[in-house]
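Protein chains in written order, with my numbering: chain D, 1263 to 1914; chain F, 63 to 399.
A few of these clues could be false.
[What the hints assert, rightly or not] Result set (EDC-like, lysine to aspartate or glutamate): computed pairs, CA atoms no more than 20 Å apart in a straight line:
| id | chain 1 | residue 1 | chain 2 | residue 2 |
| --- | --- | --- | --- | --- |
| 1 | F | Lys75 | F | Asp211 |
| 2 | D | Lys1812 | D | Glu1794 |
| 3 | D | Lys1783 | D | Glu1529 |
| 4 | F | Lys192 | D | Asp1842 |
| 5 | F | Lys361 | F | Asp343 |
| 6 | D | Lys1421 | F | Asp359 |
| 7 | D | Lys1854 | D | Glu1884 |
| 8 | D | Lys1367 | F | Asp335 |
| 9 | D | Lys1565 | D | Asp1581 |
| 10 | F | Lys298 | F | Asp359 |
| 11 | D | Lys1565 | D | Glu1529 |
| 12 | F | Lys192 | D | Glu1794 |
[Unchecked claim] To give a feel for the contact side, a few chain D residues facing chain F, derived at Cβ under 10 Å:
| id | residue |
| --- | --- |
| 13 | Phe1372 |
| 14 | Met1398 |
| 15 | Thr1577 |
| 16 | Pro1579 |
| 17 | Ser1829 |
These aren't lab readings, by the way, just hints derived from the structure by calculation. It should be emphasised that the depicted structure is a prediction, and the values quoted were computed from it without experimental measurement. The C-beta atom is built at its ideal place from N, Cα and C for all residues, glycine as well.
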Amino acid sequence: MARPRGTDGSLLASLPWTLGALALSIAPHLPYLPVWISAAFFGCALWRYIIERQRRMLPSAWFRALVALICFLGVLATYASISGVGPGSALLAIMASLKLLETRKRRDQFVLLFISVFLVMSALLREQWLWSLPYMIVSIIVIMTAWLRMSAAANETAKQSFRTGGRLLLYAAPLAIAMWIFFPRLATPFWAVPIDTSRATSGLSDTMSPGDISSLSLSSEVAFRVSFDGPVPAPRDRYWRGFILTQFNGRSWSGNKDAEVGRNATEQITARGEPVAYEVTMEATRQHYVFALDMPLEWSLPKTHMGRHQQLTRTLPIDQRVAYNAVSYPDYRVGTELSDLYRRWYSSLPDNTNPLTAELAQRMRADAGNDQAFINAVLNRFHEQEYFYTLEPPPLGNNPVDRFLFETRRGFCEHYASAFSVMMRNAGIPARIVLGYHGGEINPMGGHLIVRQSDAHAWTEVWLDGLGWRRVDPTAAVAPERIDYGASDAAFEGLAEAWGLSAPSQWLHRVSLAIDALDAKWNDFVLGYGPETQRRFMEWLGMDDPGWRKMMFTMLGLVLGLTIGVSLLLALRYRPPAKDPAAILYRRFIEKTGLEPGVGETAERFARRAIQARALSATTVESITAAYHDTRYGPGGEAAMTRLRLAVSAIA
Amino acid sequence: MSSIQWPFPSPGKFLGSLRANAVAGVGRWARRRQGTDPATTVLRPGRVYILPTGVGFVFAIMVFAMLLGSMNYNNNLSFVLTFILIGVGFVSMHQCQRNLVGLELTFAGTEPVFAGQTLRFGIAVTNRSKSTRYGIRLMHDDAQSEMHDLRPGESRVFVLPVPTEQRGWVSLDRFGVRTLFPFELFRAWAWLHMDISGLVYPHPAEHAPEPPPTTVAHGHRQHDARGEEDFAGLRKYQVGDSPRHVAWKAFARNGQLLSKQFAGADTSSQWFDFDDVVANDTEDRLSILTRWVVNADRKQEDYGLRIPGAEFEPAHGETQRRACLETLALFDKGSGA
Chain D
1263 MARPRGTDGS LLASLPWTLG ALALSIAPHL PYLPVWISAA FFGCALWRYI IERQRRMLPS
1323 AWFRALVALI CFLGVLATYA SISGVGPGSA LLAIMASLKL LETRKRRDQF VLLFISVFLV
1383 MSALLREQWL WSLPYMIVSI IVIMTAWLRM SAAANETAKQ SFRTGGRLLL YAAPLAIAMW
1443 IFFPRLATPF WAVPIDTSRA TSGLSDTMSP GDISSLSLSS EVAFRVSFDG PVPAPRDRYW
1503 RGFILTQFNG RSWSGNKDAE VGRNATEQIT ARGEPVAYEV TMEATRQHYV FALDMPLEWS
1563 LPKTHMGRHQ QLTRTLPIDQ RVAYNAVSYP DYRVGTELSD LYRRWYSSLP DNTNPLTAEL
1623 AQRMRADAGN DQAFINAVLN RFHEQEYFYT LEPPPLGNNP VDRFLFETRR GFCEHYASAF
1683 SVMMRNAGIP ARIVLGYHGG EINPMGGHLI VRQSDAHAWT EVWLDGLGWR RVDPTAAVAP
1743 ERIDYGASDA AFEGLAEAWG LSAPSQWLHR VSLAIDALDA KWNDFVLGYG PETQRRFMEW
1803 LGMDDPGWRK MMFTMLGLVL GLTIGVSLLL ALRYRPPAKD PAAILYRRFI EKTGLEPGVG
1863 ETAERFARRA IQARALSATT VESITAAYHD TRYGPGGEAA MTRLRLAVSA IA
Chain F
63 MSSIQWPFPS PGKFLGSLRA NAVAGVGRWA RRRQGTDPAT TVLRPGRVYI LPTGVGFVFA
123 IMVFAMLLGS MNYNNNLSFV LTFILIGVGF VSMHQCQRNL VGLELTFAGT EPVFAGQTLR
183 FGIAVTNRSK STRYGIRLMH DDAQSEMHDL RPGESRVFVL PVPTEQRGWV SLDRFGVRTL
243 FPFELFRAWA WLHMDISGLV YPHPAEHAPE PPPTTVAHGH RQHDARGEED FAGLRKYQVG
303 DSPRHVAWKA FARNGQLLSK QFAGADTSSQ WFDFDDVVAN DTEDRLSILT RWVVNADRKQ
363 EDYGLRIPGA EFEPAHGETQ RRACLETLAL FDKGSGA
């Protein structure tokens, strides 16, 4: 039997709320969704609303099936997959759009609301900001209101539904908080999780081609935040080691991208001096490398190893913000012996590239006499000759090192690190480039160090026999202030000067620091609440040896207790009004007489009947009646209550 | 052509009968447990039952999937979302049950109907608490009343339609009050077994023979030749008065419809006697008598009823009608059902 396709306008009470809930839950996905899906959703929503408003016909089943097929193929073509957060959200958005076109009854909207709940969740899986929680709560309230509107009686207003939704959410909040705190967190996921990569995050690239990119972005996005257990090291010691580049093809440097385990990478390290302990909260990079202060010896991040070249990598890419503790030794030595194989590996250069550089390096090495003197000579050349530090160097073309060293003489850390390493390798000294960050800004409000993308830095490590790998930062020879103060402050001063608005931007900067402090705390305590933080919190609460069983039982106990609390609260809400004491006393009098008052019988008539039937004292009964009337209608008060009580107790 | 007969009932039928048996069994159990309720009953917590609905099951599956997802992604904000939904589930269970507890239900009466018509049981539901009760509905077997919210202190009569087939007392053995509030995740309900019933008059026969001829009740006064009596005065026109007796002149004067009254008027009274009715069985006789009563009442004629065990002197009006129809309804049935 064909169902009628027209609407009768009966959804007008609930449909706008359902559409609002869907729009709210789809909004965080808009930057990621292909434009056609967003357009399809808003088009369908508007269309459906007009259909309901003007009581038109819904589109036919054939039309809907055709549109569904086209959309599904569209998603396949866009994402080449249907699993993962990206295509999943796209499919949910399409399902919502199509379901709208066949929603006829109030109950059909359940599907729409379930979809919007899933959309809210997938938005959270994609990214979590400071405003994500308040936004989620607003979405949930609107979804709950829409839900209530759907099954509300005709005489119920939207405001009542909204208030009911808010009230129920308020009751549920303590339960949710208890479950959130005590639900045991897993250290590792069950299965590999595909995370949406449709919007690239800024981070270090894993190759370096100085001269190809003609300007370095100064993104102020946070790369990671660090809280030190002790004092914060001086700016010049803040080298955040990341990725090691070892191979040069004449134009660009590259390294081993995959996570690898160096059997004796840590054993080569000899720590000296005082350790520095700290906690890093690192933003997602979708890459494997893990940042730590040069040189880390201990770290708490699981599945993380130190590979060859003393490079920290995690076997899983860092898809989400992670927090870890680490201990580093700023004063260290790495290895004292290098096999011939490795020596050749670290000194290799492609043939017939950058010939002028090769010639210069060999001449300078011969003049210097030993490796140490040669290094100093090269650094002196950068320092004393006309070399400049700039973030917008000219492009370099072929033989970039030759062109940089002899012609342009302008560049940033990558240019100097690359040129320096090529010089070293030409002189037979093993050299490698370290990509990472340098410096960072201390947030006075949070007490932590903010390391931004603009703090990205490249420096070199050279092998000296008997000393091992030594860090040499050629940029320091050109722009010592870059190393002494860090990029953030320098960039900030430059910005302020450029704008000529020193005071307001100082103020703005302070606001941004306050938000950063809040964000850092939020990350630490809420977003970063993982197995480790949970265990520490349980211990702080006083739980001995917290395991998942103990947490689970605590959680169940709390949920049970809180649910009983909610039940009692509701019982209180729906309790009948208290009987007034005068009525109770009068009832007792009636029981004492053993008579049943007739329907509509007044107190006076009942009193007369009682006096006759039970041979009671007329004065007592009359005073009961009078006192009862006084408590009811007269000025009575406490005195009348007392008279009533005495008189009732006088009857046997 | 008849369909193939399988030796076993089809799964659908089997499940259907299983369900019907279960419902009946639960009903008997509830009745045994609760006993017969007084005409005014306040719902105690112990007699409000609650079970998840289909939507509730789907919701539970969704929340479980979300929990797995949150654990897998180790995503704290989606944990928050999941736990909020779980919390809302728990809260709505209690809200659903409390929405009924403390409601006061009172039988508000029925109007008698003829067999085949729908008997409408009125149940007054009162909300004595200080909070609104949302989405309250009464139900009986497959029928249900409209859904209403009850504001604090509000009392509202819900109507339960019960189809009838036979005359006599129809008792409402059991009815329920239920709610799906707040999110239709749970259904809370209570069964009530009040000793209440409604009266069903016999079905008025469609093809009744002509009633017995009119007899003159006041034999001491003779009709005169013109069939007119002594004019006695005017009274206000009533529906059913013969147009021949309307005082048209008076109407033309002051626009008021008045009927002429005659002393010793022929009130065209008639006797309906059970034994005079020609019919196959008792039910048909009662049916025909009912038709006569209804028609005579409609015409405002005096009529009397004589059936074994009861006799009503000729009269007309609501009292007469009720008395006669009640007697016909309960003939041979005892006083109560």
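Check: Which hints, by number, does the structure contradict?
Finding: 1, 3, 5, 6, 8, 12, 15 and 16
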